[in-house]
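Student: Next come the chains, spelled out residue by residue.
2 protein chains.
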Amino acid sequence: MKNKNYYAILMAGGVGSRFWPISTQDFPKQFHDMLGTGDTLIQKTFQRLSLLIPKENIFILTNELYNDLVFEQLPEVTKRQVVLEPAMRNTAPCILYASLKIQKENPDALIIVAPSDHWIEDEATFSKNVQQAFDFCSQNNALMTLGIQPTFPNTGYGYIEFDKTSAKAIKSVHQFREKPDYETAKQFIDQGNFLWNAGIFMWSVKSVVQAFQNNQPKLFSLFEKGISAYNTHSEEAFIKENYPKAENVSVDYALMETSKNVYVIAAEFDWNDLGTWGSLYDKLNKDSNENAVVNARTLAEDASGNMIRTKKDKIVVVDGLQDYIIVDKEDILLIYPKTKEQDIKKVLQKVKDKFGVQYG
Amino acid sequence: MKNKNYYAILMAGGVGSRFWPISTQDFPKQFHDMLGTGDTLIQKTFQRLSLLIPKENIFILTNELYNDLVFEQLPEVTKRQVVLEPAMRNTAPCILYASLKIQKENPDALIIVAPSDHWIEDEATFSKNVQQAFDFCSQNNALMTLGIQPTFPNTGYGYIEFDKTSAKAIKSVHQFREKPDYETAKQFIDQGNFLWNAGIFMWSVKSVVQAFQNNQPKLFSLFEKGISAYNTHSEEAFIKENYPKAENVSVDYALMETSKNVYVIAAEFDWNDLGTWGSLYDKLNKDSNENAVVNARTLAEDASGNMIRTKKDKIVVVDGLQDYIIVDKEDILLIYPKTKEQDIKKVLQKVKDKFGVQYG
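Chains A and B supply the protein sequences, listed in that same order.
First residue of the first sequence? That's 252 in the working numbering, and the numbers climb one at a time after it.
First residue of the second sequence? That's 252 in the working numbering, and the numbers climb one at a time after it.
Be aware that a few hints might be false.
Since the list can't tell identical chains apart, any single copy or any two copies may satisfy a pair.
The calculated lysine-lysine pairs, modelled on DSS-like cross-linking and capped at a C-alpha distance of 25 angstroms, are [what the hints assert, rightly or not]: (1) Lys537 to Lys563; (2) Lys589 to Lys605; (3) Lys565 to Lys589; (4) Lys457 to Lys511; (5) Lys565 to Lys580; (6) Lys580 to Lys562; (7) Lys330 to Lys476.
Don't read these hints as lab results, they were simulated from the structure.
As the structure is a prediction and not an experimental result, all values here were calculated from the model.
Turn these sequences into a full structure, and let the hints steer you where they fit.
Tutor: Here it is, written out as structure tokens:
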């Protein structure tokens, strides 16, 4: 029997625009089978979390636009578990809102907040690390994160500096450092007490609500007024009226960077945020020419290092291309150098400007 | 009124496999709108010929496979005008067969034999040159060709050597020279009395039938036996039985290279055989980056000299590619260097070997 106090908040409201043209406003990355395994990313994430957490305690935080996609892809989920944001207000407001709903249902809840679109293959070790964190949170007033052992000086991630004097698995956090420059990132790695922030948080509902109360009194008082309405028929009206008044702020900024009781556990599993076509390429199996191919059937000559994705069984003949992203869908074909993958957001903007917003 | 004695035989049985994946066994090049003008190549050719030749006198020589495509694309054409080859036997047998049918219908016929998939934009000058040739053929026992002024030492074409002493527009032909090597082709051009063989022939039906009788007695006697059957209900049975017995031989080899009464008129119009994606690229209008685009809408950066074709209005984002053929259709995507366009036949063979003959 899984612990009835274990809860999850799955963050599923983002778009992942660097995965354009597959990930779009209407059909974001987490709802696609990016790995070609037969499961979408949110399905894989839901399955992974459900090893430790009762399925009925996994809440999906998403946008109204994706309500239907959630029920389609996660048929076991009920309406109670889907928390819709009526407006885009970054992560702090929606996490506070969902936490207050969960607290009303179960004041002893232990919650993991996790993105719905990351790659974690070793589910057993993931469960083990989350279990360790839950055990700690049940005993301590702690805000915890899962830190990822850095493998190179990535300048696109946030870093977590932990107390290097501690020999324990769970360490006190000194500070969060947002996207450093390359030299700083190198120093972080050399120092040995920095981890990547993967946006995975764990805490008791009591601790997180208290942290909001202390650190974000204005935001807290906005959502506190709704406590009598949450999980009742009055909830929708209250949220529709008040949610848009919330400040646009991330949970990192609102809680983690300002609290003293922040702890980190270093993940013992391999992780990838699948943030770009290149990071997806890294995680996929390669063919004999080092091309990563999803859905397509390829005839490649003098072509290697390419990330190729089409609809099922489309034939792709490619000659003389190295390290390209080749993505084909019904009405869009992208042929783009992997080295410029960070510019795909700009490309998307240009496509929307030139051909219409419906293509993003 | 157009001259009732003027006839055309449109050759429409080939496949044009260097235009794969657009041109396929099931749907060859001449039935595609290769230029993005709204008309297919056979429609354009039919319209061009009909400026001089009564529409009902334009015969289409094709394969049974393409019978439906012909009637679909040329709705004015009747069953009488479509001559089906029950077997692939190169150009001589089918031209003899069609000529005997036409001769039975009109012994005074003057015939132009022309490919259905070439590019000729200047229709007025084309008509003028054909008229000159017809006038000559009506007065003389002549086998005529339309020769193209060579613009570079192309080693893929046949060359026609004409009598350089003649000052007339219509000159006697010395010899035909099939695909020369580069040095020889250069010599031909330097000599000044060589033209490209475009596979466009003109003659009276009397002259061509007589030439077959003299030069190809075996072939002639095979088809002569059917004269009573042609243009009657007995024709189909006769052809089904006898056509496969015909020798596999081209009209160039069967008549032109062996006859003494061969003449050429130098075309005064611009011509392109649209033999490859590169030659199509040359004839299309280019965008500001020198990309030739058919049907697609493009966002090209650091991308020039590309030949891009998709279904109507598909968006193509391309970055960092020069001189590529990018062709997308429902189930096949080709990304291939323009410099290797001659290898597309080999690619097609590999695709058929690997994925099945249905893709060719």
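Student: Determine for every hint whether it applies to the structure shown.
Tutor: Checked hints:
{"no.": "1", "hint": "Lys537 to Lys563", "result": "within (17 angstroms within a copy, 33 angstroms between copies)"}
{"no.": "2", "hint": "Lys589 to Lys605", "result": "within (23 angstroms within a copy, 28 angstroms between copies)"}
{"no.": "3", "hint": "Lys565 to Lys589", "result": "both (21 angstroms within a copy, 22 angstroms between copies)"}
{"no.": "4", "hint": "Lys457 to Lys511", "result": "within (16 angstroms within a copy, 104 angstroms between copies)"}
{"no.": "5", "hint": "Lys565 to Lys580", "result": "both (10 angstroms within a copy, 9 angstroms between copies)"}
{"no.": "6", "hint": "Lys580 to Lys562", "result": "both (6 angstroms within a copy, 12 angstroms between copies)"}
{"no.": "7", "hint": "Lys330 to Lys476", "result": "within (23 angstroms within a copy, 82 angstroms between copies)"}
In this structure, none of the earlier numbered hints is contradicted; all agree with it.
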